[in-house]
Amino acid sequence: MTEPILQIRNLVKTYPNGTQALKGVSFDVQKGEFLVIIGLSGSGKSTLLRCINRLHDPTSGEVLFNGRDISQVQGEEVRTIRRKIAMIFQHFNLIPRHTVMSNVLMGRLGFTGTVKSIFGFFSDQDKNSAMKYLELVGIKEKAKMRADNLSGGQQQRVAIARALTQNPEILLADEPVASLDPATCHTVMDYLREVNKELGITIIANLHFLSLVREYATRVIALKGGEIVYQGSPKDIDEAWFERIYGVGTKDIRIN
Amino acid sequence: MNQNGYVWKRTIFDSLMFAYLLCVVLVVIFDPDQKELLDLEQNFQVFLFGTVIGAGLSFLLNKKGWKTLGEMIFEPPFKKAHAEEETFWKTLSGWQLVIFVGVTFVVGLVVTRFSIYELLDEDGFAGAMRLFKGLVNPNLAILPKAVLNIVETIFMAFMATILAIPIAFVLSFFAAKNIMTSRTGFAIYISLRTLMNVSRSIEAVIWAIIFSVWVGIGTFAGVLALMIHSIASLTKQYSEIVETVSEGPIEGIQSTGATKLQTIWFAIVPQVILPYISFTVYRWDINIRMATIIGLVGGGGIGTMLIQYLGQAMWPEVGTIIMVIAFVVWFMDTASAYLREALK
Ligand SMILES: Nc1ncnc2c1ncn2[C@@H]1O[C@H](COP(=O)(O)OP(=O)(O)O)[C@@H](O)[C@H]1O
Ligand SMILES: [Mg+2]
Numbered sequence: 001m002t003e004p005i006l007q008i009r010n011l012v013k014t015y016p017n018g019t020q021a022l023k024g025v026s027f028d029v030q031k032g033e034f035l036v037i038i039g040l041s042g043s044g045k046s047t048l049l050r051c052i053n054r055l056h057d058p059t060s061g062e063v064l065f066n067g068r069d070i071s072q073v074q075g076e077e078v079r080t081i082r083r084k085i086a087m088i089f090q091h092f093n094l095i096p097r098h099t100v101m102s103n104v105l106m107g108r109l110g111f112t113g114t115v116k117s118i119f120g121f122f123s124d125q126d127k128n129s130a131m132k133y134l135e136l137v138g139i140k141e142k143a144k145m146r147a148d149n150l151s152g153g154q155q156q157r158v159a160i161a162r163a164l165t166q167n168p169e170i171l172l173a174d175e176p177v178a179s180l181d182p183a184t185c186h187t188v189m190d191y192l193r194e195v196n197k198e199l200g201i202t203i204i205a206n207l208h209f210l211s212l213v214r215e216y217a218t219r220v221i222a223l224k225g226g227e228i229v230y231q232g233s234p235k236d237i238d239e240a241w242f243e244r245i246y247g248v249g250t251k252d253i254r255i256n
Numbered sequence: 001m002n003q004n005g006y007v008w009k010r011t012i013f014d015s016l017m018f019a020y021l022l023c024v025v026l027v028v029i030f031d032p033d034q035k036e037l038l039d040l041e042q043n044f045q046v047f048l049f050g051t052v053i054g055a056g057l058s059f060l061l062n063k064k065g066w067k068t069l070g071e072m073i074f075e076p077p078f079k080k081a082h083a084e085e086e087t088f089w090k091t092l093s094g095w096q097l098v099i100f101v102g103v104t105f106v107v108g109l110v111v112t113r114f115s116i117y118e119l120l121d122e123d124g125f126a127g128a129m130r131l132f133k134g135l136v137n138p139n140l141a142i143l144p145k146a147v148l149n150i151v152e153t154i155f156m157a158f159m160a161t162i163l164a165i166p167i168a169f170v171l172s173f174f175a176a177k178n179i180m181t182s183r184t185g186f187a188i189y190i191s192l193r194t195l196m197n198v199s200r201s202i203e204a205v206i207w208a209i210i211f212s213v214w215v216g217i218g219t220f221a222g223v224l225a226l227m228i229h230s231i232a233s234l235t236k237q238y239s240e241i242v243e244t245v246s247e248g249p250i251e252g253i254q255s256t257g258a259t260k261l262q263t264i265w266f267a268i269v270p271q272v273i274l275p276y277i278s279f280t281v282y283r284w285d286i287n288i289r290m291a292t293i294i295g296l297v298g299g300g301g302i303g304t305m306l307i308q309y310l311g312q313a314m315w316p317e318v319g320t321i322i323m324v325i326a327f328v329v330w331f332m333d334t335a336s337a338y339l340r341e342a343l344k
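Chain order of the listed sequences is D and X. Going by this note's numbering, the letters in the first sequence line up with residues 1 to 256, in that order. Going by this note's numbering, the letters in the second sequence line up with residues 1 to 344, in that order.
It is worth saying that the hints were derived from the structure and are not from the lab. Don't be surprised by glycine CBs; every beta carbon is placed ideally from N, CA and C. Among these hints, one or two may not hold up.
Said to hold, decoys possible - Sample of chain D residues at the chain X side, in silico, Cβ under 7 Å:
| # | residue |
| --- | --- |
| 1 | 73 |
| 2 | 82 |
| 3 | 83 |
| 4 | 87 |
| 5 | 90 |
| 6 | 109 |
| 7 | 114 |
| 8 | 117 |
| 9 | 118 |
Just need the whole structure built from these sequences, with the hints factored in.
Okay, structure coming up:
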């Protein structure tokens, strides 16, 4: 078996205010997986993703990326990690006043000198690759529009294009469809699947709806109170498991 | 533990108020002469004695369930939620407030030597009328000179603002709590904020006096004075805007592997640029008014011209100058209001 792209070992995150968001989480991610993390609000999903790309600093434990522990690296190395492990967010986190194109080019910041980028000197190669990924998510014609004039679904696709422009090995998605309506939700998820299948980018996504999990995930991890309570195939999650993860009496809300 | 931190604030508030009232009572009773009033050490001891008594009193009263004014002001929301409404004159804190305002008003009348008699004095009144007559019959012969001088004042304000912008722009990020998160960062944040607060609390007029000694009386001293004051004010206002930016774009840019500088430029600057411009226009507007005042102490421009004619009691000329100032201030005020509205 090949080495996992990501190995999480006993990961603990305690926030400065004392909240223990992760209490020793361990799992592996194989290259090319579409791993979905589920769990109640507050179970530590966002914290987990942010510890992987080092938007947050883990308190203890290891995060092995291609076999190398990145949980404590600093400075320049953190930025290299973030470049290779891209991320999209529930609220898209684009720059509202900038154009779609300019937003996608942000994916090249990690490769461009600070002064060059501030004056907007991105190479033609960067612009071409930005355009290529805008085409891939089907909004090439919106390149010159202001990002905040787009619908939620379109903004999330811009965010995906921005992430792809980083040429990442892993794409983290923190509740990528939680603020979208059901129809748009599937469009965005379909693009994520395409990114996973066609470009071979490993995806780790936080999701809320079990129906989506069954449709898109190759594997599922369930968090509860900062601990893993389930790990396995999405097909094996039955009503009983669902109740264990989300609490007794919960019914799956289906989106179709 | 933390929930009772407010007790300190309450006690300090109540004890200061009590000490103040005690001092007023003592002055009324003993009617001290000038020498006794100037005995700072003794007076301070009396005041300190008052605060100690006040603190004890505040503590006892609140313990007995009589809410003091300090308690009313500083009690935390979770306690307020349970408090019953009472008409103010039935409460201790209501009476405390009434006595405080009443006493302060009377003391104020005495201290400022407020006198209806002086106001209605016939000689004084006639003098004021002569002055007014001069003012409303301006001497237009000096209008060209006044216009030249106010142009100088406008440029003083402009230069001070322009020079302050880049400095305040850079400093504002170092004075924003949400950016200076590391330990050294926080130290820089605190020292910068303190420095800015101190230089802001020194009036521009004082700066003008300092600089006119340094670089000589004139417009340059005025520009420097206004600039210092503008840097301090703009840094504070700018950094407060930086502290309210939304986290989303910052995370978004950070997640691409951007440097700190890139994150500031691409995630924060677009969010703050319009409010920055708005505050800057307003600052220029304020600077024009301040530049006039600074001129009075030798900062050049229309203020310097005004003080010359004022000194010679040449009221018609003063009238002309006031007219020109009023027009420019009104114009800049209106223009900047329209500009700021458009930038929202
Ligand atoms: N910046 C923070 N400071 C302190 N506590 C936090 C912070 N972010 C999240 N938490 C806490 O950590 C726990 C996990 O939060 P989070 O990772 O956001 O969960 P999820 O994404 O599953 O909703 C929650 O109890 C939350 O309140
Ligand atoms: Mg979350």
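Going through the hints against the structure:
The beta carbon of residue 73(D) is not positioned within 7 Å of any beta carbon in chain X (closest approach about 13 Å), and the interface hint is therefore violated. Checking residue 82(D) against chain X: minimum C-beta separation of about 4 Å stays under 7 Å; hint holds. A least Cβ separation of about 3 Å between residue 83(D) and chain X falls short of the 7 Å threshold, and the interface hint therefore holds. Of the supplied interface hints, the one on residue 87(D) holds, with its beta-carbon coming within about 4 Å of a beta-carbon of chain X, less than 7 Å.
Taken as an interface hint, residue 90(D) does not check out: its beta carbon lies about 9 Å from the nearest beta carbon of chain X, beyond 7 Å. Given the 7 Å rule on beta carbons, the hint for residue 109(D) holds: about 4 Å separates it from the nearest Cβ of chain X. Because the beta carbon of residue 114(D) sits about 5 Å from the nearest beta carbon in chain X, less than 7 Å, this interface hint is met. Interface hint status for residue 117(D): upheld, as the beta-carbon distance to the closest one in chain X is roughly 6 Å, under 7 Å.
Hint status for residue 118(D) relative to chain X: holds, with the closest Cβ pair at about 5 Å, below 7 Å.
Hint compliance for this structure: hints 1 and 5 are broken, all remaining hints hold.
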